[in-house]
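**Q** With the hints as constraints, model all of the structure from the sequences given.
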Amino acid sequence: MRARSDRFAQLWDSAAVGRAEAGRKTVDHPRVGAVTLDCDVLSVAGSDLRILVHTAEPGSPDAERLALLAVLGTRTLAPAEDREQPRGSATMGDGRSGGA
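If you count by my numbering, then the sequence shown holds residues -19 to 80, one letter each, in order.
Hint data in this document are derived by calculation from the structure and do not stem from the laboratory. Check each hint, because a few of them may be wrong.
To be verified - Distance windows between CB atoms, simulated: (1) S(-15) / V24: 16 to 26 Å; (2) P59 / L29: 37 to 47 Å; (3) W(-8) / V21: 12 to 22 Å; (4) R(-16) / D20: 20 to 30 Å.
Note that CB positions come from ideal geometry on N, CA and C, so glycine has one too.
**A** Quick look at the structure:
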């Protein structure tokens, strides 16, 4: 990047770059179980700004669990018996029709 950007080279030489910290964390998620993630912390020198980046190793079971969480989001899935029935419909298996 130094070769292509004079501004980058200038900033790099001034030591105005942040420091990076790394670690590994395992999160026990209630819906997908244990997910082990690499955690990179990017800090800006002279500031309290920190950016945490969590990633899973590509192709790993942890990456699959993380992808599943992206699909599930924060939705709460209720069992079928807890869902509201449309008006005028009967509960399955009770032998009654909705309008009787």
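**Q** Each hint: holds or not?
**A** Each hint tested on the structure:
1. S(-15) / V24: 16 to 26 Å: holds, 19 Å
2. P59 / L29: 37 to 47 Å: holds, 44 Å
3. W(-8) / V21: 12 to 22 Å: With a Cβ separation near 20 Å, W(-8) and V21 satisfy 12 to 22 Å, so the hint holds.
4. R(-16) / D20: 20 to 30 Å: holds, 24 Å
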